[in-house]
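Participant: First to last, the protein sequences are chains F and R. This note's numbering numbers the first residue of the first sequence as 1 and each following residue consecutively. This note's numbering numbers the first residue of the second sequence as 1 and each following residue consecutively.
Derived by calculation from the structure, the hints in this document are not laboratory data. Cβ atoms here follow ideal geometry from the backbone N, Cα and C, with glycine treated the same way. Hints may contain errors.
Covered by chain R, according to a simulated footprint, are these stretches of chain F (three or more residues, beta-carbon under 8 Å) [as the list claims (entries may be wrong)]:
1. 39-45
2. 65-79
3. 93-105
4. 168-181
5. 189-203
Pairwise CB distance ranges (calculated) [unchecked claim]:
6. R:Ser-6 <-> F:Val-71: 30 to 38 Å
7. R:Ala-45 <-> F:Ala-104: 39 to 47 Å
8. R:Ser-134 <-> F:Pro-132: 42 to 50 Å
9. F:Pro-132 <-> R:Gln-26: 31 to 39 Å
Computed cross-link-like contacts, DSS-like style, restricted to lysine-lysine with a CA-CA straight-line distance of at most 25 Å [unchecked claim]:
10. F:Lys-179 <-> R:Lys-49
11. F:Lys-120 <-> R:Lys-92
12. R:Lys-29 <-> R:Lys-49
13. R:Lys-120 <-> F:Lys-92
14. F:Lys-4 <-> F:Lys-49
15. R:Lys-92 <-> R:Lys-120
16. R:Lys-179 <-> R:Lys-92
17. F:Lys-92 <-> F:Lys-120
18. F:Lys-4 <-> F:Lys-120
19. F:Lys-92 <-> F:Lys-179
20. F:Lys-179 <-> R:Lys-120
21. F:Lys-29 <-> F:Lys-49
22. F:Lys-92 <-> R:Lys-92
23. R:Lys-92 <-> R:Lys-49
24. F:Lys-29 <-> R:Lys-179
25. F:Lys-49 <-> R:Lys-179
Okay, here's what each chain looks like letter by letter:
Number of protein chains: 2
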Amino acid sequence: MARKISDSTVRRLSRYLRRLRNLDRQEVKVVSSRELAESTGTTAAQVRKDLSHFGSFGKRGHGYAVPELRVRLEEILGLTRRWRVAVLGVGKIGSALLGYGFFAQRGFDVVAAFDSDRTKIGWELSGVRVQPLSELEPTFVDREISIAIIATPVEAAQEVATRAVRAGARAILNFAPIKLHLSPDVAVREMDVTLELEGLCYMVTAAGSAAEDIE
Amino acid sequence: MARKISDSTVRRLSRYLRRLRNLDRQEVKVVSSRELAESTGTTAAQVRKDLSHFGSFGKRGHGYAVPELRVRLEEILGLTRRWRVAVLGVGKIGSALLGYGFFAQRGFDVVAAFDSDRTKIGWELSGVRVQPLSELEPTFVDREISIAIIATPVEAAQEVATRAVRAGARAILNFAPIKLHLSPDVAVREMDVTLELEGLCYMVTAAGSAAEDIE
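Isolated chain F (complex conformation) (with noise of 0.2 Å):
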C-alpha cells in the first residue's frame, strides 16, 4: 500500500538516498544508521524510525545494506524512472539551472527553456534551445513534460504556471517569490530566498532567548 509520507520525511528521504547513491557508487555494502545520521544532519533514531515504515532494511547491530536500500528509497521517492522537466523564464536564476549538471545525473532531463524577451530565441543554453513562450503548449505535450520550473519574473509567473499544468505539467517548482494558485492535485514547491534568509535571521534572533515550544 502506498502512504502518504510528510514534506520534512521526504526530506529527510532525500538527503539518505544522495549518501546512498555515494556510497553505492564507492562500493560501500554496509551503511549503519549512525553514519546516515550524521551524513545528512539527523539522529540515528530518526533514520531508523524513517526506514521503519517501508520494511525491513538490515539487522540490529549490522546497519543496512546500501544497494538495497538505495533501490528501495528510488521506488519510495518516484526515482526509478526519468522525469521531464521545461525551465520557464531564461533570466539569470534560468540559464544558472540550465547549467546545473545535477540534473542529468539524478533523473531529471531538462528537455526545454522558455523566454518571452525575443533576443532570447534561439539561444542554445547546455544543449537546450530557448523558445518562444507561444511554444508551450506543443511543447509540454510532444515532449511529455510533466515538470515546469518558473523562473520568470514575479508578474508572469501565475500566467506561465497556469498554462504549464493546463498543457500537462503535474508539478511546479517556483523560484517567483508569489504564491501560485493551481489545483490542489498539482505538485508545487517553493525556492524563495528570501523567505529562507527571513527563516534564519529569525532562529539567529530567538537562539539564546529563554524557549517555549510552538508547533
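With chain F held as given, fit chain R onto it using these hints.
Facilitator: Relative to the frame of chain F, chain R by itself:
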C-alpha cells in the same frame, strides 16, 4: 518571553509578512484571516492559530490591523534591523543572487562577494566588488557580516562555510548540495534544487494512490 517556533511556522509567518507588507504599501488597514490564508496557501484556522501565539491583533469578525501585525511579525522574525550578507562564490547562482533586487527591499544588504577565480576578482556586480577568498576573514570582521550565502562548487563549500563562521557569520544559506558540518549554534538553511525536485516526484508518484499518513 521569546519562543521557539517550528521551521514550518516560521515559513508561514514570513509569507504572512510578505502579504502584509504589500497590503501596507497599498494602505490597506485591515485584513481577514481568510484573506491572509488565501494569499499564502494555508487555512484561516491555521492563520488564527499561528498568530494567537503572539498576542491579540484583531477583534473576532473584524480582521487584523495591517500595520500593527506587520511590525509585530517583523519583531518576531528579527527583521526590525538590517542584516549584512556576503555571497561566497560568484558563479551562475552567485551572480544571479547579486543581481536580485529584492534583498535590499527586504532588509538584507549584500556587502561583499568572494571567489577563488582570479579572472573574477575586481568584477563589480550590482555595486559589489568581487574579492579574493584570502580577504574573507578581515572583510567579515570589518563589515560585521552575519549571513554567508554559499554558492561555491560542492568541493569548496565546507571550507568556506567554516571560515565564514570563524570570521563571525552566524547564519548560512547553502546552495551547495552537501550537508555542512558546523557548530550547532550556527543557523543553516539549504537551497537544494534536486532535493525539491525529488520531493515533487514523490508527490506526483504518491498522488492518487491509497494513502496512510506517516509523520
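Participant: It remains to establish, for every hint, whether it holds in the given structure.
Facilitator: We went through each hint and held it up to the structure:
no. : hint                                : in the structure
1   : 39-45                               : holds (count 3)
2   : 65-79                               : holds (count 4)
3   : 93-105                              : holds (count 8)
4   : 168-181                             : holds (count 6)
5   : 189-203                             : holds (count 13)
6   : R:Ser-6 <-> F:Val-71: 30 to 38 Å    : 33 Å, holds
7   : R:Ala-45 <-> F:Ala-104: 39 to 47 Å  : 43 Å, holds
8   : R:Ser-134 <-> F:Pro-132: 42 to 50 Å : 46 Å, holds
9   : F:Pro-132 <-> R:Gln-26: 31 to 39 Å  : 34 Å, holds
10  : F:Lys-179 <-> R:Lys-49              : 20 Å, holds
11  : F:Lys-120 <-> R:Lys-92              : 17 Å, holds
12  : R:Lys-29 <-> R:Lys-49               : 21 Å, holds
13  : R:Lys-120 <-> F:Lys-92              : 17 Å, holds
14  : F:Lys-4 <-> F:Lys-49                : 15 Å, holds
15  : R:Lys-92 <-> R:Lys-120              : 12 Å, holds
16  : R:Lys-179 <-> R:Lys-92              : 21 Å, holds
17  : F:Lys-92 <-> F:Lys-120              : 12 Å, holds
18  : F:Lys-4 <-> F:Lys-120               : 41 Å, violated
19  : F:Lys-92 <-> F:Lys-179              : 21 Å, holds
20  : F:Lys-179 <-> R:Lys-120             : 36 Å, violated
21  : F:Lys-29 <-> F:Lys-49               : 21 Å, holds
22  : F:Lys-92 <-> R:Lys-92               : 7 Å, holds
23  : R:Lys-92 <-> R:Lys-49               : 40 Å, violated
24  : F:Lys-29 <-> R:Lys-179              : 22 Å, holds
25  : F:Lys-49 <-> R:Lys-179              : 20 Å, holds
Hint violations for this structure: numbers 18, 20 and 23, all remaining hints satisfied.
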